[in-house]
Amino acid sequence: MKNKEITQKYAYKVLSFLLILTVWKVLSTRFSPLVVPTISSVFESLLEIFMSEELLKMIFLTVIRLLIGLTIGVGIGLVTGILMGSSKIFKEILFPIIGLFQTIPPVSWVVLALVWFGFNGRPAIFIVVTSTLPIIAINVYEGISSIDQRLVEMAKLYKYSKEKRFIHVVFPSIMPYFNSAFRIALGSGWKIAVMGEVLTTSDGVGGMIKLARLNVEPENIIAWSIVIVILFYISDFLLGKTFFRKESDQC
Amino acid sequence: MLTVKLHQERNDVLMKRLLYLILTVCLCLSLVACGGAPEKSEEKNAELPKEEIVEEDTNKNSEEPITITVGVPTAPPALPVLRMIETKALGDDVEIKLNIWNEPETLIAMVQDSEHDMFAFPLTVVSKLYNKGMDVRLMNVNTWGVTYFMTSDPDFDSWDDLKGKTIYVPLQSSPPDALTQYFLEEAGLEVGKDVEVVYATTVEVATMLASGDAVYGTLIEPQVTKALMDNQNLRVAFNFEDEWQRVTGTDTKIPNAGFGTTQAFIDENPELVLDFQDEYEKATIWANENPEEIGILAEKHLGLKAPLIVKSMPNMGLEFKSAINSQDELKMFYELIYDFNPDMIGGKVADTKLYYEK
Amino acid sequence: MLIVKDIYQSFGELPVLENINFMVEDDEIVAVIGPSGCGKSTLLNIISGIEKPDRGTVSGAENEIAFVFQDDRLLPWRTVWQNISIVNDKDDVDVIKKLIYDVGLEGFEQYKPAQLSGGMKKRCCIARAFYYKSEILLMDEPFQGLDYFLRQKMLKMLLKVWNANKQTVLFVTHEIDEALMVANRILILSNRPSSVIKEIKLPSYEERNQKPCGLNGIRREILSIISK
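Residue numbers (this note's numbering), protein chains in the order written: chain A, 1 to 251; chain B, 1 to 358; chain C, 1 to 228.
Some hints here could point you the wrong way.
[What the hints assert, rightly or not] Only some residues are given here: those of chain A computed to face chain B with a beta carbon under 8 Å:
1. L27
2. T29
3. S202
4. R213
5. L214
6. N215
7. V216
8. F237
9. L239
10. G240
[As the list claims (entries may be wrong)] Simulated crosslink set (DSS-like; lysine-lysine; CA at most 30 Å straight-line):
11. C:K90 / A:K162
12. B:K305 / B:K353
13. A:K156 / C:K201
14. A:K156 / C:K90
15. B:K305 / B:K331
16. C:K112 / A:K164
17. C:K52 / C:K97
18. B:K321 / B:K348
19. C:K201 / A:K159
20. A:K57 / B:K88
21. B:K348 / B:K88
22. C:K52 / C:K153
23. C:K198 / C:K211
24. A:K159 / C:K211
[What the hints assert, rightly or not] Some chain C residues flagged as far from chain A (calculated, every beta-carbon gap over 12 Å):
25. I50
26. D71
27. D72
28. R73
29. R78
30. Q82
31. V87
32. K97
33. M120
34. L138
35. R192
36. R208
Please keep in mind that the hints were generated in silico from the structure rather than gathered at the bench. Beta carbons are placed, not taken as given, at the ideal position from N, Cα and C, and that holds for glycine.
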């Protein structure tokens, strides 16, 4: 029974993949390869990427920048979210500032970041931080605000120590909020990191996309975009595994 | 009774929500409609003149005004066109419209859309587009040399002094970049390992060299003159033309950029293209002889500072030579880059069909 | 001894409890009966310290209090076993095992509240309350949702545990028969705003066992008071 379910699930995935390929093939016959690159040219580019140490290094750079940006963003976001959740004063002060981070377009941050950090990878990291921070902060704040007060009352009545209260009431209440926020931040983080790279560096996946644009190589643009999609799926998968494990942790 | 009242209230809320929804949808639709309309009329205008030309191709002085949309940077290749606009060089009924590109990417996009007719091309870009299957044609080479290596380091002497340093280069994957990398490799330096190359826009490189944030950089006119004015410690270390002659063992000049168009445009307007080529040559000569006037035009149309143009005119390398007549230099240029990094010119050395012939 | 004195409580404009006065002796089981919405849960919340009354005092409730809430308040992300064991610092495995057996949840130790029925959740709450050694035990409709046999079983268990641990028990119920079976005294609350209309002292357990029909009179009396 279970095997059937698994095969079914993968069958649908394969089907949708084939559908994309078919549409692509049709489009590539109707348009010039400068507008719709052929499947084979993109495939060749992908192979080239995965077989070249130089190009794999580019992927590594983007990954590193994303990780650093996410770590800083999550760190600051957590602290901010907790502060906002615990005190009304902090909430009133910090909320508008978080709003700024949400609404100021990444491109504007780029200009400032270039001045502050220079033409290295740091503006790209900075932009990832600006996009991650509000997502985490707001969701953690929401999580804290939504803690079931009745459970808190029960915990107080049964004289749970502060530690117990955190481990058994607060933390599990906030986890779903943090989890979904982190997943969202990761997804948009890839896009933002690459965009930051396109605007500020000549390396990393973004730098490669920029170069492909300059050299009129649309097949490379698509190939590198596919790389990012693959990286996203891998990271999302790994994330699912770790967080799933955490939930069933026995205290 | 209570339940009836509740139902009524619920309906009211629903009606309110529905009203707001309809309002929002109407607003969105009206925005889309208004946004779409002007574009449509522009398209119609652009199409009309071309049709006219096809019908009356021998009669240049038709009743309908023709508009040629030209994609140019705020750089030397644009200057002769300014003169042509002022004198209506192609006739009273031919209007030349300028669209500025600042990054090669913008230019590449302009060539691929259907709204631009002629372009100032860095030679690398026209080669890439040609090799990728676009029917572009190079009409002439209009800038030679024009690229310099600047530094504020008084001890800088030769290319290998750059070991361990960072240099700033504008126009990634264009001739200044290609040549800089070529000269570095020739001096035995590996980009990325021995020298760090940072790409930025021409203006950014100029600003950084002027402020001292960048100690070494490649730059083109007229930014070179401006940067020198802003920073007393800055000097021209190398003239790329001299370096080129040293490397190739010739006394030719480096071709840098030129004017071009698409074969489709040539087919539809053969007379016009011929006229353009001739008038452009005349305007180029005039510009070199009348730097003050061209400076004024540059300020008027491109927002460049007139005195700066006047001062940098002699170094701008503005000189007309038809593409056909520049074949040797172009071949040398393209082959040099091909040996070095074929991606910069689109994978191969273009054949002579790239050059416009009358 | 638990002393509840001059309690007044309103929710905004709405007065709920008025002039509540009663006492519960140590180790007494007192049942509180009253119409729905009359504030019985509010009363228990005030006694447990969760709510503060507008006026009045509660004394004798300073130490540990166990509470079986009307809305369970089990940790949704912990198992039956964990929900019970968390209330004490050290896990007394045998005691927990016995409690789970006594409330009839054997086999469900690793289940999470979402996987349990309403009645099973209630039983888990009861086990938790018993595990938490306390002087006072408050229960808000603890046997609601249980079928007759289970309810009988739970009431017997309550008496057994009470006999072993001797706690002061105050519990709220709708079921008069529950009170008649287990309680030493019954307090009847009026409609909103509630006050204690009547206190009925019940005969001892031996008497009740010997003369079960004797309770009928009390039952009638309670019914007539409530129906007004």
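Tested hints:
Hint status for L27 (chain A): violated, given a least beta-carbon distance of 16 Å to chain B, over 8 Å. Among the interface hints, the one on T29 (chain A) is violated; its C-beta lies about 15 Å from the nearest C-beta in chain B, farther than the 8 Å criterion. At its closest, the beta carbon of S202 (chain A) sits 5 Å from a beta carbon of chain B; the interface hint therefore holds under the 8 Å criterion. Against a cut-off of 8 Å between C-beta atoms, the interface hint on R213 (chain A) holds, since the closest Cβ of chain B lies about 5 Å away.
Because the closest C-beta pair between L214 (chain A) and chain B is about 4 Å apart, less than 8 Å, the hint holds. Against a cut-off of 8 Å between C-beta atoms, the interface hint on N215 (chain A) holds, since the closest Cβ of chain B lies about 5 Å away. Annotation: interface hint on V216 (chain A) holds; nearest CB of chain B at approximately 5 Å, less than 8 Å. Annotation: interface hint on F237 (chain A) violated; nearest CB of chain B at approximately 33 Å, more than 8 Å.
Proximity of L239 (chain A) to chain B is violated relative to the hint, the smallest CB-CB distance being about 33 Å (cut-off 8 Å). For G240 (chain A), the interface hint is violated, since its Cβ never comes within 8 Å of a Cβ in chain B; the closest pair sits about 37 Å apart. Restraint check: the Cα-Cα separation between K90 (chain C) and K162 (chain A) comes to about 16 Å, which is no more than 30 Å; the hinted pair holds. For the suggested pair K305 (chain B) and K353 (chain B), the alpha carbons sit about 38 Å apart, so the restraint of at most 30 Å is broken.
Note on K156 (chain A) and K201 (chain C): the hinted pairing is violated, with a Cα-Cα distance of about 33 Å set against a maximum of 30 Å. For the hint linking K156 (chain A) to K90 (chain C), the alpha-carbon distance of about 18 Å falls within 30 Å, and the restraint holds. Distance restraint check for K305 (chain B) and K331 (chain B): the Cα-Cα separation of roughly 35 Å exceeds the 30 Å cut-off, and the hinted pair is therefore not satisfied. With a CA separation close to 19 Å, the supplied pair K112 (chain C) and K164 (chain A) stays within the 30 Å bound.
Under the criterion of a C-alpha separation no larger than 30 Å, the hint pairing K52 (chain C) with K97 (chain C) is inconsistent with the structure, at around 36 Å. Restraint check for K321 (chain B) and K348 (chain B): satisfied, since their Cα atoms lie roughly 23 Å apart, inside the 30 Å limit. Distance restraint check for K201 (chain C) and K159 (chain A): the Cα-Cα separation of roughly 33 Å exceeds the 30 Å cut-off, and the hinted pair is therefore not satisfied. Taking the CA atoms of K57 (chain A) and K88 (chain B), the gap is near 54 Å; set against the 30 Å cutoff, the hint is violated.
A hinted pair counts as satisfied when its Cα atoms are at most 30 Å apart, and K348 (chain B) with K88 (chain B) does not qualify at roughly 39 Å. In summary, the hint linking K52 (chain C) to K153 (chain C) is not supported, as the alpha carbons are separated by about 35 Å, beyond the 30 Å threshold. In summary, the hint linking K198 (chain C) to K211 (chain C) is supported, as the alpha carbons are separated by about 23 Å, within the 30 Å threshold. A distance of roughly 43 Å separates the Cα atoms of K159 (chain A) and K211 (chain C); the hinted pair therefore is violated under the 30 Å criterion.
At roughly 5 Å, the least C-beta separation between I50 (chain C) and chain A is not larger than 12 Å, which violates its mark as non-interface. With 12 Å as the threshold on Cβ separation, the claim that D71 (chain C) sits away from chain A is violated: the shortest Cβ distance comes to roughly 7 Å. Remark: the non-interface label on D72 (chain C) conflicts with the geometry, its nearest Cβ contact in chain A lying 9 Å away (cut-off 12 Å). At roughly 4 Å from the closest C-beta of chain A, the C-beta of R73 (chain C) falls inside 12 Å, breaking its exclusion from the interface.
Interface exclusion of R78 (chain C) from chain A breaks down, the closest Cβ pair being 7 Å apart, not more than 12 Å. Once the 12 Å rule is applied to beta carbons, Q82 (chain C) is inconsistent with being away from chain A; the minimum gap is 7 Å. Non-interface call for V87 (chain C) relative to chain A: violated, since the shortest CB-CB distance, roughly 5 Å, does not exceed 12 Å. For K97 (chain C), the condition that its CB be more than 12 Å from all CB atoms of chain A holds, with the nearest at approximately 17 Å.
M120 (chain C), annotated as away from the interface, keeps every beta carbon of chain A farther than 12 Å; the closest lies near 18 Å. Its beta-carbon lying about 9 Å from the closest one in chain A, L138 (chain C) breaks the requirement of being farther than 12 Å from that chain. With a minimum CB-CB distance of about 23 Å to chain A, R192 (chain C) clears the 12 Å threshold, and the non-interface call stands. Remark: the non-interface label on R208 (chain C) is consistent with the geometry, its nearest Cβ contact in chain A lying 32 Å away (cut-off 12 Å).
Hint compliance for this structure: hints 1, 2, 8, 9, 10, 12, 13, 15, 17, 19, 20, 21, 22, 24, 25, 26, 27, 28, 29, 30, 31 and 34 are not met, and every other hint is.
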